[in-house]
Amino acid sequence: MDKLRLRFSKTGRAIYISHLDLMRTMQRSFVRAGYRLGYSEGFNPHALISIALPLSVGTESLCELMDFRLEDEPELSEMPGRLTEKMPEGLEALEVYVPERKAAQIKWLSVEGLFEYDRRPAADMAARLNEFYSRDSIVITKRTKRGEGESDIRPAVRGIEFAPSDLGVAVKMTVSAQEPTLNPELTADALRQLAPDIAPDFAKFTRIETYDADMGVFR
Amino acid sequence: MDKRLERILPRVQKPARYTGGEYNQIIKDKSKTEIRLAFCFPDTYEIGMSNQGMSILYDTMNSLGYVWCERVFAPWGDMYGEMKKAGIPLYALESGDPVSDFDAVAFSIGYEMAYTTVLDMLDMSGIPLRSADRPDLTPLVFAGGSACVNTEPIADFVDLTVIGEGEEMNNELLALFRRAKAEGWTKREFLLEAAKIGGVYVPSLYRPEYSADGTVARIERLPGAPERVTKRIIEDMDSVPYPLSPIVPSTEIVHDRVSLELFRGCIRGCRFCQAGHIYRPVRAKKPETLAEQGKTLLKNTGYQDCTLLSLSSSDYKKLPELLDGLQEYCEPRSIGISLPSLRADNFSMDIMERIQKVRKSGLTFAVEGGSQRLRDAINKNVSEEELLNTCRIAFEGGWNGVKLYYMLGLPTETDDDIRGIAQMANDVLHTWREYAKYKNRGVRITISTSCFIPKPFSPFQWEAQITMDEYRRRVNILRDSLTARNVSYKWHDPDTSLIEAVLSRGDRRLCAVIEEVWKNGGRLDAWDDYFSFSRWMQAFADCGVDPAFYANRERARDEVLPWSVIDVGVREDHLWRERERCYESVLSPDCRKQCSACGASGLLKGGRCDG
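Residue numbers (the working numbering), protein chains in the order written: chain Z, 1 to 219; chain B, 1001 to 1611.
No lab work stands behind these hints: they were computed from the structure.
In silico DMTMM-like links for lysine to aspartate or glutamate, alpha-carbon gap of 25 Å or less:
#	chain 1	residue 1	chain 2	residue 2
1	B	K1003	Z	E89
2	B	K1318	B	D1610
3	B	K1028	B	E1006
4	B	K1605	B	E1172
5	B	K1003	Z	D118
6	Z	K142	B	D1078
7	B	K1085	Z	E185
8	B	K1085	Z	D201
9	B	K1299	Z	E95
10	B	K1295	B	E1167
11	B	K1003	Z	D189
To spell it out: a stretch of chain B is covered by chain Z in this simulated footprint if at least three of its residues, at any positions, have a beta carbon under 8 Å from a beta carbon of chain Z; those stretches are:
#	stretch
12	1002 to 1016
13	1301 to 1314
FRET-style restraints, in silico, Cβ to Cβ:
#	chain 1	residue 1	chain 2	residue 2	range
14	B	D1002	Z	G216	38 to 44 Å
15	Z	L194	B	Q1013	26 to 32 Å
16	B	G1397	Z	P180	48 to 54 Å
17	Z	L194	B	R1011	18 to 24 Å
18	B	D1213	Z	G58	58 to 64 Å
19	B	K1519	Z	L194	44 to 50 Å
20	B	S1488	Z	A170	56 to 62 Å
21	Z	D201	B	R1228	55 to 61 Å
22	Z	A170	B	E1252	32 to 38 Å
23	Z	L167	B	K1519	39 to 45 Å
Backbone N, C-alpha and C define an ideal beta-carbon position, used for all residues, glycine too.
One chain only, chain Z, in its complex shape (with noise of 0.2 Å):
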């Protein structure tokens, strides 16, 4: 029973989905696509799954990776068709592969994201917000379960671009995936807090692809 990876998308409605639920989600679809996940021994039993780097209700990605074992040893390449075809709308099974490498080791994230500004011009909007993230230090307050801190996000973001789109703007940034996590949300978030005029009115994100410390492509 060795240790598999998938790789999948998840886009359109199912960005809804919560990470509880997907967790619960990915198990039916593998009953359903006839495979048998390993279950861990004990008086109660739980499948041997787990999705790295858990995503934001309303966040979009083509890049999630989960960790699982099999019961059954079916072959690698039919599986993502079969999975997907037993998944709800906007779950896509896209590669599953014996992984090299622990999902710790992921350590940036690419993301591209739109902002939406509904009653002020987004044309001169992309200057002004690539000029913000010039800055050397962005300090946040962050609320967490332990209160109110302070935080300085721009370490955890390694770059980051906004250039004019149709829509809005467009932002494309590489963030630190662990140690520290960023959540995109929070570089507009960081307007909100310090420079509102540019602030967008919605800002949505998608995740493109997983890194390593060294910014190889992580599989």
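Given chain Z, work out where chain B should sit, using these hints.
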């Protein structure tokens, strides 16, 4: 996805319940269907998606190629507020299209407290609430479900209701609607034809007149109105379609598992129970059919749990055979089988061992009445000896918790009966002390009570509900009698019970009350979070309706009951006889021991009652 929704969804709780897109949802090409049907459940997604009737009818109505039936649920308060603010009308989950685009709107109403939500969903769709204010054929608004066997409290809002089981009836109705739409009938022409379909009740064809004392004097039939509307049933449970590829929600719902329906109807005849009478006659599926359907369902859904559904599942004759058939599939896959609605009198350790492999937490039994005399009076065939025997088996088998449900305010109940509940709790505790396998884990005995609500089509349909003050007095008696530390007591507030009692046996004068409550913000009234007793009392006052007239008044035998046009199969004189036997504290045997000729088997054309 709607741009406005995209903004709202990240802000609301559990947004996945508002998006659709689940596995097995039915998507059709709307340019190729003739009827778009919005199938509404007047409660939240989590409740509605757990409803087996909804799942069955979604399947059967979509089996018609010309119909696209989509689901609609009531949004929770946060989403409701956001939708109102953004001006988003109620929409169907599959297509995301507003309900106002649909040709027909159908409601599945299982409980009276959902009536205000029905109005709210119509309003959120921009559809006029009253049938009279919708002159056109479309949108047709109809309803079904057990809270429609007495349609009267919502008679002014719906165009028609469907009485009984909908698998065949709904599709006959939709076929007629298709013709009416294609041929350009008026709404009135359509309703007159629809009234000829068995089980279809068109309220606008009947006009109740009231006496000076407030009771119904007579119900005038307008031209074209059938004398009685007889409940529809499915005769052959083995051949009726059952959804084998149901929608699997992507977010957790209340009953998140495969449901296998064992049989319809109930052999018991508890005198307070509406369901036990309106779902008669008893019709069971064969165990082979069920085992086959169960396996297919588990494969098609990926669920790890399966529940065996019915009004009283341990009364299913072929339970051991069915468990054999299922377990051979379930056991190697660690799939759990659960059996709701257990009875304390035919509890079998063998069956319990087989269905509850791992968790032995708690068992729940509905005992209903605190003394043998009272249980005989309500025809609840459970003796204290049987209950204690069951508890002994359970405690010996490793269980360490029992929940016992009772009703206060049942006809003939005395203070001694109430003290009997406390006595029984003590006896259960002693049984545990004597027989428990794991004494060091302690024991939890929970007593819970609710206020009895007389329901139409039950033998107690003529009874008065006790007042709220009287209920509280009885709660205090019980509370003072429960002394043991391991026994906890939970009682339901009587205020929802009063409102439910009014609505259950209401007539058309309650339409105004329901509308008034809705106007003042009433919706999702089945939830404590939203129910407001004062809002209801204010509406009664404003509409000049006395709730006590409906809830706390005993009806005479010859009173014209507001729902008397409806015939559920069980004869009224049977119900009355059962009521009289209550006052004599005489049991009636269950249908398997001896047929009581209730009349329900008359609904069967060929088959026989499987009681």
